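Line order of the protein sequences matches chains A and B. According to the numbering used here, the first sequence is numbered sequentially starting from 674. According to the numbering used here, the second sequence is numbered sequentially starting from 2.
Keep in mind that the hints were calculated from the coordinates and are not lab data. It is possible that some hints are incorrect.
For the chain B half of the interface with chain A, some residues (derived, Cβ under 7 Å), not all of them [stated by the list, open to error]:
hint : residue
1    : 32
2    : 34
3    : 36
4    : 63
5    : 65
6    : 129
7    : 173
No experiment lies behind these values; they were computed from the predicted model shown. C-beta: ideal position from N, C-alpha, C; glycine also.
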Amino acid sequence: MSARVAALALVCALAACGGRSQSDIAADSMEAATRMSRVTAAVANQGLNGDGPFAKWILPPELAEVSGIALASDGRIFAHGDEQGRIAIIDYRTGVFLKRFKVGERTINGDFEAVTIVGQDVYLLQSNGKIYQFREPAGDERDAYTLHDTELGDKCEFEGIAHDPRLDVFLLACKQRGKKPLDSLTVYRWRLGSTGVEGVSVLSIPNDLVIGANDWKELHPSDIAVDPVTGNYVLVARQERALIIITPEGDVVESRPVPGKILNPEGVAITRDGILLISDEAAKEPASISLFRWRAKAPPAGADTSSMPIDSASTMPDSIRP
Amino acid sequence: MVRQVMNMLSGGADRPIRRLLTYYLFLGIVVFALNAAWPGFDERMTGGGGGPRAVDTPTLLQDGLDPPPEVTVATDIVEARKVILSVFVMLLGTVVLMLPVSWVYMYARNTRGHNQAVAQTLIILPIVVAGIVLIVQDSLALAFSLAGVVAAVRFRTTLKDARDTVYIFLAIAVGFAAGVQSLTIGALLSLFFNLVVLITWRYDFGRNVLETTSSSKWVEPLESLATDDVESIVPDRDLMMALTPASAEALATKFERVSELLGDKKARFNGVLRITTEKLAECQRLVEQELEEVTKRWQLDQVVTGEGKPSELYYLVKIRKAMSPDDLITAVRGRAGGMIVAAVLEAGETLARAKEEG
Chain A
674 MSARVAALAL VCALAACGGR SQSDIAADSM EAATRMSRVT AAVANQGLNG DGPFAKWILP
734 PELAEVSGIA LASDGRIFAH GDEQGRIAII DYRTGVFLKR FKVGERTING DFEAVTIVGQ
794 DVYLLQSNGK IYQFREPAGD ERDAYTLHDT ELGDKCEFEG IAHDPRLDVF LLACKQRGKK
854 PLDSLTVYRW RLGSTGVEGV SVLSIPNDLV IGANDWKELH PSDIAVDPVT GNYVLVARQE
914 RALIIITPEG DVVESRPVPG KILNPEGVAI TRDGILLISD EAAKEPASIS LFRWRAKAPP
974 AGADTSSMPI DSASTMPDSI RP
Chain B
2 MVRQVMNMLS GGADRPIRRL LTYYLFLGIV VFALNAAWPG FDERMTGGGG GPRAVDTPTL
62 LQDGLDPPPE VTVATDIVEA RKVILSVFVM LLGTVVLMLP VSWVYMYARN TRGHNQAVAQ
122 TLIILPIVVA GIVLIVQDSL ALAFSLAGVV AAVRFRTTLK DARDTVYIFL AIAVGFAAGV
182 QSLTIGALLS LFFNLVVLIT WRYDFGRNVL ETTSSSKWVE PLESLATDDV ESIVPDRDLM
242 MALTPASAEA LATKFERVSE LLGDKKARFN GVLRITTEKL AECQRLVEQE LEEVTKRWQL
302 DQVVTGEGKP SELYYLVKIR KAMSPDDLIT AVRGRAGGMI VAAVLEAGET LARAKEEG
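If we strip away everything but chain B, and leave its shape as in the complex, we get (with noise of 0.2 Å):
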């Protein structure tokens, strides 16, 4: 439903920056409907719920002779609703302001997939950490009492991405500054946070120029998809079967911008070699020792381990013209034959011109 809300707002934008910035605005203009509409609400959300706050307008200081009145009923279930009601606001405004952000994680990756429980993490840790500080508030007491706990707790997880971690700092933040009813520092991390990571991420920040793009790493596969090659455009028949209609022309139209993303560059790549082997380590050296001597450049692309099973290696690889793909096979097998299980090279273009000519 939020999908087509956002396809609603944005015109069906798919540049994740302009469908980031409508969700924002979409957000700013419901804050400020209800804001007109109920005048209270901009002081949910920055400190005017509870506790003690500075006076800003006119008030009448509490009678320090008269006591104050005898807490009746009706005052205590409208104090509650107050309570209540500030604490809604408070933990809804995490989740709306950590929704784009759990977005954003998803989408804005050089690396193939994301880890689903730090996904909901990031919707789930905020709410927490805001009603920690909720109940915290200015007690030094419980603020000990709080580090105590934690630390006999020992939540500890290890990330596998450096900057998984930096969410979850984000979220804590986020989670501190609803916790102190400043909900709009919140939105202003989570959007300025969002903004920074979605341009980093699409200009590939402090890439090395040596290595390839995050998006040429996947040019081979994905052109001989783009390819007119009938057979080559439906690689797994099966796969496109299980597809709805719907799927089928977003990954067409897909396939159309990455085709038009490659143009009339050359591939980097013209192969792919895996090696099975039962000695990764001394293996991998060797096979790399002879592909830095047989072909014209290769990369080391993924590394497939498991247990009780031989581990796999795949390389990406552009041969040379003089070289044919079985003498590929036969120079690597020759440097480390007698650790490797199996040897297959999937080559393109060289595979089909090794045909033609034999």
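For reference, chain A alone in the conformation it holds in the complex (with noise of 0.2 Å):
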């Protein structure tokens, strides 16, 4: 009798242990509500900060080494953090992980860098110039990929990638060369399918005019973004921990250190209504992405914008010049 009184407690005990319940889901779901009203108010100038981001999800453990960030048509955020093509996919205004797939029938591995989005397609950068081109799956299943090699990977090693949508070509942040720094801030212009030198243009800014009156030694690219309103390309730079405005003809915009307490710049995304997303490496504070006020700056006046046609070899390095 004793033994069956103890195991009804025991039942009793685990039932009132159990999982979620509604109250905790009901919870979730007016936190969520919550954060979506503070980034609304905060894009119509109504909870600006200061230079602080007005909001700011901490990553989960897989996501620590996030390397890049693009945004999607419909708001949401594709990150990557590791080395085996794993896509995690967040809703940047609620702090909601949706979900999370892996590119490729069979697990596919690489220093994956960066990350961009045109249409439906989902693009992939390796530091060695490599891109995957793939579509998020519908449900648990895992699809197949294109790789196309830019065959740039023996002039730079690659860390941002992003699409200019007015010249319809994939922009390539270099690095370095090598072990080596660069003199002066490189970015390819590569047109999907292009072989060789065909279709690849480059962008080069001398350091000096980039750093200004920062007080950075080198400078070295970690992602880029193209503004959606004005069309400047924005970099990150993580060692310098460093935000660099340019515009697609090659003139310095702004260049400043990084909003917030942002240690580890590894990614960076602009939204059409105004947000700048740059995304933070973990290191002694857990991964996250911050959220900031972002106003689109014009050129400076008399700046050159006259603009650059896509296979210019004014500026081409010599090792690329056809």
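Take the two lone chains and join them into the complex the hints point to.
This is the structure in structure tokens:
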């Protein structure tokens, strides 16, 4: 009899300690709504808090080494942070981790550095200039990918990718050449499907012009994004903790330290409604994505804003000139 | 009680594999039922119970600007309850998964008896291992500390049977699986291990073809028990009187099975020779030389040594038809007489034949 009573008490205790309750789910929904309101208010310039972020989402351990982020047309952020082609999707307005998926039918290993999205297609960049093109799977299945080789791997170690819709080219931010830092801020433009040097141009701005009054000695860009309003290129550099804005023509609009207390800026994205998102790789603090109010800046008066043709060889390094 | 439940579930089946599969099936049904009634249960088994884990479903990320709310007493209690529950499920899981392993350890053996300490260790060890893994978790510092403590304690033991070591390894593996909250892996490990052990035991895998099978080793004594001779059926009256009716019935069933197993096969041995000696090694060598010459076949069955008293050698022998038991004893004494304290031959058919002739 006593054994039966003990068993009954145990079952009752287990039931009392059960899984997520309805109240937990309701509390999460309320929190998500509150966050959404906060972001909306900040965009409407009602909640700006100086130079700091108006929202900051702490990423899970699997994204501790978040390398790049990209904005999808529906307002979701695609982030990746490992060496196995794993993509995480986050709603930046509510800080909700939506889903994750792996690229390819079999796990692919590589030094993935950046990601960008064009329409429905996602492009994941390896540091050696190879780009994996794929789509977000509908469920848990793993879809195939298409591999593009820019053949620029021996020219540069890449850390950032973005798509310039006006020129319909991919922008590949060069971090360094081998172990040597570059003496200029270098962005390759590469057209999808082109091979060799065909369809490749380079935007190169001397470091002196970019650094300006800042105390940086070199530049190591870690990601690049295109401002959807102005079309300017926005870069972040991890080692220098730099935020750099240049025009597609190569004029420096602004260069300054990244806002807030971002220690390891590894990814950048800009929304159409004026939010700057910067991903921060984990160090002493856990990895995070911070949201800042973003005001698009026009190039300084008197700057040369003439357009640069895609195949222009004027600024192309000797090594890849046709 | 567990035995009764198993009997009920397996329909009284006495085949170990069938009983084992019944147990695991029952376990699976219980887990399925608990999971259906309580959606969070599977998370307790596979990592949802505590500590950082990968996100599988839409989840609110922590807000880096708003500090987490202060832990109230109520929140504290809820969290503590979840931790207690997770640890409880985990530790209970190790016991439930190691129970069949300990049964197999005790049952599937070719040698007589088992080590009770090992059988109990198989249940207890995984609990300790799981607890250690839980405490260490992702802390490198704790892991190093643990290594230091273990090195200082120098917990070492010698296991008689090499297979016991494998059981201990399994216990550690199941403990690890529970510690990292992967009880599913632990369950599969336990099931697969038990099945492989039972199958290798059942078919005497790896047996040297020149050796007798484990079952035939006991053919001679069991055959004498299974005979129609009333005196042989009850070799020890006091022992049989001490049995309960249920035990006696179970024993009778086993004898029937042995009888069926033996069929018309001829016995490989027809006598047991016991030699008592003070000089074990030398005496054994001489006796075996003589047995090689005078018997049809022989096999050393057991060596009993004791401090302060003579050792005993037990041989199973097949005596030649032309030789009487006394002839065998005389021959053995002739070879190693100076070392033999006592020599006794217990021979069934041969002895009877000698009596008839004598």
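Hints and how they fare:
1. For residue 32/B, the suggested interface contact is broken, since its CB lies about 13 Å from the closest CB of chain A, more than 7 Å.
2. For residue 34/B, the shortest C-beta to C-beta distance to chain A is roughly 12 Å, which exceeds 7 Å, and the interface hint is violated.
3. The interface hint given for residue 36/B is broken, as the beta carbon of that residue sits about 10 Å from the closest beta carbon of chain A, more than 7 Å.
4. The restraint placing residue 63/B at the interface with chain A holds, with a minimum CB-CB distance near 4 Å, inside the 7 Å limit.
5. For the restraint placing residue 65/B at the interface with chain A, the shortest Cβ-Cβ distance is roughly 3 Å, inside the 7 Å limit, so the hint holds.
6. The criterion of a C-beta within 7 Å of any C-beta in chain A is not met by residue 129/B, whose closest approach is roughly 23 Å, and the hint is violated.
7. For residue 173/B, the suggested interface contact is broken, since its CB lies about 26 Å from the closest CB of chain A, more than 7 Å.
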